[in-house]
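Whole structure, please, built from the sequences with the hints as guidance.
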Amino acid sequence: MQLSTRYNHKDIEDKWYFFWEGGNYFLPEIKEGVTPFVIVIPPLNVTGSLHLGHALDITLQDILIRYNRMKGKPTLWVPGLDHAGIAAQNVVEEELSKEGIHRTQIGHEAFLERMQEFRERYSRIITSQIKRLGASCDWSRERFTMDEICSRAVIKFFVRMYEKGYIYRGKYLINWCPRCSTAISDIEVEKEETNGILYHILYSLEDGGEVSVATSRPETMLGDTALAVHPEDGRYKSLKGKYAILPLIGRILPIVADEDVDPNFGTGVVKVTPAHDFLDYDISQRHNLDLISVVGVDGLITENGGKEYSGLKVLEAREKVISNLKSEGRILEEKPYLYSPGRCSRCDTLIEPLLSEQWFLKVNEIKKAAIEKVRDGEIIFIPEKWTKVYLDWMENLKDWCISRQLWWGHRIPAWICEPCGELLVQQTEPINCPKCCSGELKKVEDVLDTWFSSALWPFSVFHWPSDTEDLKYFYPTTVLVTGYDIITFWVSRMIMSGLELTNKPPFKYVYIHGLVRDEKGRKMSKSLGNVLDPLALADEYGTDALRFTLSSLNTLGGQDITLRKPYLIHSRNFMNKLWNASRFVISVTKENNGEDLFQSSSNLDIFDQFILTRLSRVVKEANKKLEAFDFSNYIKVLEDFFWKDYCDWYIEIAKLKKETADTSSILRYVLKTILVMLHPVIPFITEHIFHNLYPEEKVPLIKQKWVKEIPISESESSINKVSYIFDAVTALRNIKSLFKIKPDKKISVILHPTDAFEYETLIEGSPVINALAGVQELKITCELDTLPKHTATQVVRGTSIFVNLKGLVDLNEEKNRLSEMLLKLREDLNKIQKDLANQMFIEKANPQTVEDYKLKAMDLEKQVNKIEEIINYLGEDDLETQSNNCKDRW
RNA sequence: GGGCGGAUAGUUCAGCGGGAGAACGCUUGCCUUACACGCAAGAAGUCACAGGUUCGAAUCCUGUUCCGCCCACCA
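The numbering of the first sequence is this note's numbering, which starts it at 1212 and goes up by one.
Derived by calculation from the structure, the hints in this document are not laboratory data.
For every residue, glycine included, the Cβ atom is placed at its ideal position computed from N, Cα and C.
Mixed in with the good hints, there may be bad ones.
[Stated by the list, open to error] What follows is a set of in silico ranges between Cβ atoms, one per label pair, in the way DEER data are often shown: (1) Gly1588 x Glu1925: 44 to 54 Å; (2) His1498 x Tyr1379: 16 to 26 Å; (3) Lys1537 x Asp1696: 41 to 51 Å; (4) Glu1838 x Glu1443: 57 to 67 Å; (5) Lys1537 x Arg1775: 52 to 62 Å; (6) Pro1777 x Asp1744: 13 to 23 Å; (7) Phe1950 x Asp2046: 33 to 43 Å; (8) Asn2049 x Val1245: 53 to 63 Å; (9) Gly1588 x Lys1916: 27 to 37 Å; (10) Tyr1379 x Gln1638: 10 to 20 Å; (11) Gly1768 x Asn1515: 47 to 57 Å.
Here it is as structure tokens:
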């Protein structure tokens, strides 16, 4: 294998996934007694393609999985898909409607066949997309929420809850989506601000007089069964117990007093329409009012609404009601009005509150442990702020409407005896009615809310309720990774059902990440047309670059991520950098027994010590960040080290002394460590390079040992010395740049250090200084009787740097430049001196801080003195220097 | 109405009690044979506003203003 000059992801990415999957590297190695690391993927909807949210989700999970696998833990990532009830059915219905067919025309069975076909088609697409992202999940354990194993769990859950009395059926006011033609739960309703009109309508009283009522939905008055006022409302005290006459219809309406009426809203009198409004429904329950449904499941006015309106759409009925009321002179006011009616979260259709027979789960019966385990820290949310969101949510739960009038989903395991009406709920199909012995049993047609099955996902994938080896070994799982948008839909329900059914929290950690937004920070949505396809991005920049981008931007605070192309380009550039540095290292070094550990650590020079010390610190830091789920800093630390310390400095220095064995080993060792540390994020390129670096190695990178620490003793002094040398090099390059000296033009330099440390370090570093700063003649001197005339100057710590620039330096300009420099330094020095002169500071501040301030002040003072000295001497005679007796001086 | 975030360089963000950081962009110079998807040197910020706590505040507290999100029975 040879590495080409430019990194091209297309050449390598396909190959390695095959390699890993074929080599069974994704399967967990079960070790008895060892706690495994387990993630169960948030099941992906079979409704379409992956979006960037999935890409982020999958990347973060894969990082954790690969990291733990390399750490040697038995590691399992279970993949799978969700049948996505309404969403999937909608997609297929749309497909059908393009063929001019409605599902009712082809019937239940044929429609489900169509759904299955769709499901298989999309499963394949989505699975291949997940693989394309590099996800190292165990495909042998792949599950689907509607497969036999998961379905069994769903039935079991339902029956058990029913038997405990936690599930009930009844006619209640629910949210109905007329377009999807099904009930939906409260959290599937989205409130959206809408411009409407608030009408004031005049109702006559039975015994004379009139009262005005405010409403934004006048058509619902057809179903009014009462009026209500607040009990303390002085204006309407006399109305209590009287009757009003419903305009247009003529029905007699009792007037009731109820605490829930807000006297400050509208006129203070409410029309009560219990069958179409949640507040009114509550009032009706308290006052035993009639319920009259005037809107049907089709969204049309029913017969109850009267002949004139029956069959009209809600909005048509509204117009007609208004015009009729107007002709009777009963509209007192029409005011523009901003309100927030509910819309279906799946299709945006206006929700109709309707009376309907549905199934409900009393979540309050099973939530106790789910609250306690989170409060007690047995389940930990990261970032921590989501704990409160979760707990607040859990404290205020209402019964969950779990039935849906769809065809695609888990059928409710309930049968109704046709002759006697007996309801049977059980796991297996009954033969006879136990009450009347009839065999005419009809299975309930409703299906369950999708989330009812995903609530069981962390253990249904392991075949719960069967007590399988997998369930015993892999459950509870370790961490759940997901976005904050489904804490209420999914996370809370998994915790409840997990604790209720298995007595164990389904996971230890809930890692919540942000949402991926477009370049302008907007949510990605089809209607805005700003959805970016992760696969297209992977195609353009490479999967590694995409993963690198997403996880770099994923900060610990869980900020939403604004994905911008420049960052993708940067990531791709980083891949190229990694690629080329590796190419260089491979070309100048040789593999020795697969182990490149430097042999004679005692003989390492300061640069070798420096890079190893930095590596050691970076490895520790990166480990710490990753353990804390701080993905962005884990990557940042490694990227900084690799690009700056390793490539920009160490490799350049290594070029000066290619032939030494230590340097060559260190080059390889550091590279290998970086490959290991970055493999979880960018698996493809690192695996590829690894095989080129170690052609003889049998164990691929995916199974290489994770690096927790570097087995060397860190050398603080090497860091001090080398960063001082680097500062000197930078200062010299700065002068060259300032005076427009061509980079390849060699310069003559005089260095004037002030102490032994500086002197010795400069001597040690002089070959590097010469090479990296392009110095031809370097004098290091402690004697400086007169300063040179044609020089440009810099000061690094206590060292003056003079570059001989005959003819290039304008004396005045140089003076100005140095004066400015001096000004800044003095400013800094003043600040620090002020603090040091402050008795309170000395007494109260941390002693270490005071010490640091003192050192810093000394440093600054040195520099200030140096520059002052130089300014004074500027323009004097050329310097005579000796560089022999410095050693004795300090 | 309640709750939670955010406001730091032109842009996107990190920092969250001791000298203002990164990336991209920008300016200048370099094709120095690993890399121009690169190298080198730079410029760039009253850390939203007003008070307070502290020896010391971008960082903690209070209030204000803008932006975003979540929750709530706006008839």
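Cross-check of the supplied hints:
1. Gly1588 x Glu1925: 44 to 54 Å: violated (35 Å)
2. His1498 x Tyr1379: 16 to 26 Å: The hint (16 to 26 Å, Cβ to Cβ) holds, given that His1498 and Tyr1379 are roughly 24 Å apart.
3. Lys1537 x Asp1696: 41 to 51 Å: Holds, since Lys1537 and Asp1696 (Cβ atoms, about 45 Å apart) stay within the stated range.
4. Glu1838 x Glu1443: 57 to 67 Å: With a Cβ separation near 59 Å, Glu1838 and Glu1443 satisfy 57 to 67 Å, so the hint holds.
5. Lys1537 x Arg1775: 52 to 62 Å: holds (55 Å)
6. Pro1777 x Asp1744: 13 to 23 Å: holds (19 Å)
7. Phe1950 x Asp2046: 33 to 43 Å: holds (37 Å)
8. Asn2049 x Val1245: 53 to 63 Å: Taking Cβ atoms as reference, Asn2049 and Val1245 lie about 57 Å apart, which means the hint holds.
9. Gly1588 x Lys1916: 27 to 37 Å: Given range 27 to 37 Å: holds, Cβ gap about 32 Å.
10. Tyr1379 x Gln1638: 10 to 20 Å: Between Tyr1379 and Gln1638, where Cβ atoms are some 18 Å apart, the hint holds.
11. Gly1768 x Asn1515: 47 to 57 Å: Given a distance of about 54 Å, which is inside 47 to 57 Å, the answer is holds.
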